[in-house]
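**Q** Protein sequences, first through last, are from chains A and U. Okay, so the first sequence: first residue is 153 according to the numbering used here, each after it adds one. Okay, so the second sequence: first residue is 163 according to the numbering used here, each after it adds one.
Hints are computed from structural coordinates only; laboratory data are not their basis. Heads up, the beta-carbon is just placed ideally off N, CA and C, and yes, glycines get one too. It is possible that part of the hints are untrue.
One side of the interface only, derived from the structure: several residues of chain A facing chain U at Cβ under 8 Å [stated by the list, open to error]:
no.	residue
1	R173
2	A176
3	T360
4	E362
5	A363
6	L364
7	P368
8	V369
9	S370
10	D461
11	I462
12	S464
13	P468
14	R522
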Amino acid sequence: MSFEPMRLGALWRKEWIQIRRDPASIGIGVVLPALLLLIFGYGISLDALRLPIGVVVEKPNPLTASFVAGLEESRYFAPHPYGSIGVAEEAMSRTKVEAILWLWGDFTRRGLREGNAPLSLIVNGVDANTARLMEGYFQGVWSQWLNWEAKTSGEPILTPVDVESRIWFNPALESRHYLAPGVIVINMTLVGALLTALVIAREWERGTMEALLSTPVSVSEILWSKIGPYFVLGMGGMAVSVGMAVGLFGAPLVGSLWVLFLAAALFLLSSLGMGLLISTVFRSTFLASMVAVVATFLPAFILSGFIFDIGSMPGPIRLFTYLLAARYFVALLQTIFLAGNVWTVILPNLAALSLMASLFLGIAWKKSRRSLE
Amino acid sequence: MRGAPCISLDGISKCFGKVEKRVVALDGVSVEIASGRITGLVGPDGAGKTTLLRIITGLLRPDEGRVTVLGLDATRQQQELAASLGYMPQRFGLYEDLTVGENLDLYADLQGAPKLERAARFSELLHMAGLASFRERLSGNLSGGMKQKLGLVCTLVGSPRLLLLDEPTVGVDPLSRRELWAILFRLRDEKGLSIFVSTSYLEEAERCQQVVLLSKGRLLSVGDPREIAAQAAGRTFRVESNELGPRALHSRLARIPGVLSSSIEGTGVRVLVASGSLGGLAEEGGLGGCRAEPVAPRFSDAFLAALGEKGEGQGRSRAPGTPSAEHPRRSGEDVIVVRDLSRFFGKFEAVKKISFHVRAGEVFSLLGPNGAGKSTTFRMLCGLLPPSAGLARVAGVDLRTGAASARARIGYVAQKFSLYASLTVRQNMQFFARAYGLPRKEQAERIGWAEEEFGLAPYRDADAEALPLGFKQRLALACALLHEPDVLFLDEPTSGMDPFAREELWLRIGEMAQQGVTILVTTHHLEEAEFCDRLIIIAEGRILAEGTPGEIKAPFRTAQAPEPSMEEAFVRLIERSRGEG
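So here's chain A without its partners, still in its complex pose (with noise of 0.2 Å):
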């Protein structure tokens, strides 16, 4: 490694002046974070509230009308009263409801008692995250319902079936909480690799490549040119990611700061590695953008547990996730946001982030070469 200062300096400011004005590097870098942060926070929210649901009584009594008003009381329902099944399916069948509760005669105290007060809850399953969001606030409107009514009444109830989950780390399911860490994974992964493989594929096809290597820069110099101010930019860009989650959506950061910053810059270099591999092979702007999509990106939205749980993944996908950097950064964001400085989880997650970095950037570095073939 050869280093001049004059010359590193001068390909760092000519980076500098290109991204401010280039106003595709300044989108992708902090207007794009933003952007997906108001999207994701306002626009979207994977929580369902307010679910129209269908409520079929056969025989009302007092029991029915108290679990009924249990229900409108949660947030998470909205109730409509239909005065026979066969009107309720009609209803769901044209998605005026997205589920049935259907109380049967025999939903009495008695049978309460007994252990078998029968009721069918019909979902639609067409969505299947709502379906499935829906399944698990009716379970905890349930047994709410029959902790109270066991509490007001004095006598126990029998319940076949014991259900008591709770919701740990972000005990309000706002999924808002757990997307702002998913936008920073997302916009790193755009500015380390998309961004970076860009602007190096571009100087292979404007020609200026070719010139840059007639002049006596060195292949470090080079690399470290491309580093250093993506690097800033990217960190940048987490800075206002940071600041929005906490600042305006409320998200909270038990951890410290501080680990944050050096899971972050692990996790960026590992991506700048990337990005700089990736130029190395594919000279031109549009295969490299693709393969910088394709490799990086979207795994890092699908694969990496921001968006879909990797446990729940197959068991060969789940196996893959483990080669994929942005999977232990999600899980570092979501334990310093939500946990806070769980060590057993963060000391791990931040040697692995080291070794895809250092990994991704020798390979760049090992087969950068000051030639045109």
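We have chain A already, so just place chain U on it with the hints.
**A** For chain U alone, kept in the frame of chain A given last:
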């Protein structure tokens, strides 16, 4: 250092690609380039010029052979070498989003130019290149010629001892080209720089002190261009005929087997023959009634002769086609009428109220420096860009109201190859025939005609991208002619083409015009303007001159130069207009 070679190549070979599809780019090239001189590197497309220059810079490794540049091994000591080398790649690596000054600073830092001397050096270089007042401008907003000059300046900031330039004048207008060469001469004279420059303009090679001729990766000859030119002595003639116009004469002469090259010059045709005299050949070709007088050979003649002997240019430039009779249906009606045509981009007026007209069967050319408004005018006439004001009528259709119906009457060949590279020759033609809405029966007829006329039948099932450049151009032309347009637009059709392919294209253009097709063409090769019936020269959105090639040149005849070239006239016109502005 004068006398000692600055570059010494010994048995350089280089191949690209995998074993099955090996392409030999260079094949045992050995040559020495003298210090303190301007040496030209000349050769047709694909001769290996760029590969050779890249090997000299050390950016590519030769498969075999030794490269010694300024006493260093270019392959092993590339980084040391880079410090005393100025290399300007074909598409020079200017950062378009950096200003002129920022580009200079960057390259000065990279080359390690001493900080103290910089201010003086920058202003000297910028002044020399005529860029002093553009320091704050983004280099992406400079004209093509200015970009090339800035590129040259950037390679000079580090005070190199050897300058390597890869086709620095491609796509640059003649005026900027002259200025660029003037800079090169100054550098050689004042700084004693050694310069090695590749070019596809043969008249530029004539200005060099030494020329290296390359063809298909092999060295053809090395030497003083005047000496090389002398090799064609006795083989160049100027032919005139009382019966035939220059275009018909050209078309006949070009088909005589012993004629290597022919071009229209004024009222006559200049020919280069393979050997001996023209007399016998002319008799054979049935051209009894014309006069032929010997003329002095040029470097380009020797170049074409050398290539001709190597078999290049044979069998590819003489497409079947038939020489046609003189203008069967030139009625003289105006096919293109332009009156007070203007085009604004925002507040900038790219074309300023120009007026001209083109008659049926004319070859009409638009000439002008980069950024003159040529392309804008061209696009408006093709119906690709709506005019801001004024009248533009093509084949009787007003483009402001009926651009789509006008397009059915015109054929357009874009500057870049714009066919489908992965379709075969036939599939491309079928696609365009359908796109133009030809009835099924006519499609087959016209495709058959095009294959015959352009000699494309043997390549029918070849992918378009695999065709040699000359054939790609033929295919592009064939596709544009399938619907028998009245008007054909050709946008810099000869840029980057080698002399043989260019000659063939102009022959075809002449023949199409004789069949009554009206042709509008732009070019940077000013000697090609001689092939046109009339032309206009535009600069800064205004017409500077209009007329036949003879009329354009006439005002610049002097006692010293009784026969000014088109380039001379062009440069003087532009300079005069700038002086007034």
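**Q** For the hint on S370/A, just tell me whether its beta-carbon gets within less than 8 Å of chain U.
**A** Check passed: Cβ of S370/A comes within 7 Å of chain U, closer than 8 Å.
**Q** Hint check: is the beta carbon of P368/A less than 8 Å from a beta carbon of chain U?
**A** At 4 Å from the nearest chain U Cβ, P368/A passes the 8 Å test, so the hint holds.
**Q** Could you check if S464/A really has its C-beta closer than 8 Å to a C-beta on chain U?
**A** Violated, because the Cβ-Cβ distance from S464/A to chain U comes to roughly 43 Å (cut-off 8 Å).
**Q** Is the hint on P468/A kept, meaning its closest Cβ partner in chain U is under 8 Å away?
**A** violated, 34 Å
**Q** Using 8 Å as the Cβ threshold, decide whether D461/A counts as touching chain U.
**A** violated, 43 Å
**Q** May I ask you to test the interface hint for A363/A with respect to chain U, counting a Cβ-Cβ separation under 8 Å as satisfied?
**A** Holds, about 3 Å.
**Q** With 8 Å as the cut and Cβ atoms as the points, is R522/A at the interface with chain U?
**A** holds, 6 Å
**Q** Min Cβ distance, I462/A to chain U: is it shorter than 8 Å?
**A** violated, 41 Å
**Q** Regarding the hint that V369/A lies at the interface with chain U, is the smallest CB-CB distance below 8 Å?
**A** For V369/A, the interface hint holds, since the closest Cβ of chain U sits about 6 Å away, which is under 8 Å.
**Q** Any CB of chain U closer than 8 Å to the CB of R173/A?
**A** Where the cut-off is 8 Å and the nearest Cβ of chain U is about 5 Å from R173/A, the hint holds.
**Q** Does A176/A pass the interface check with chain U, least Cβ-Cβ distance below 8 Å?
**A** violated, 11 Å
**Q** Min Cβ distance, E362/A to chain U: is it shorter than 8 Å?
**A** holds, 4 Å
The structure fails hints 2, 10, 11, 12, 13 (numbered hints given earlier, in ascending order).
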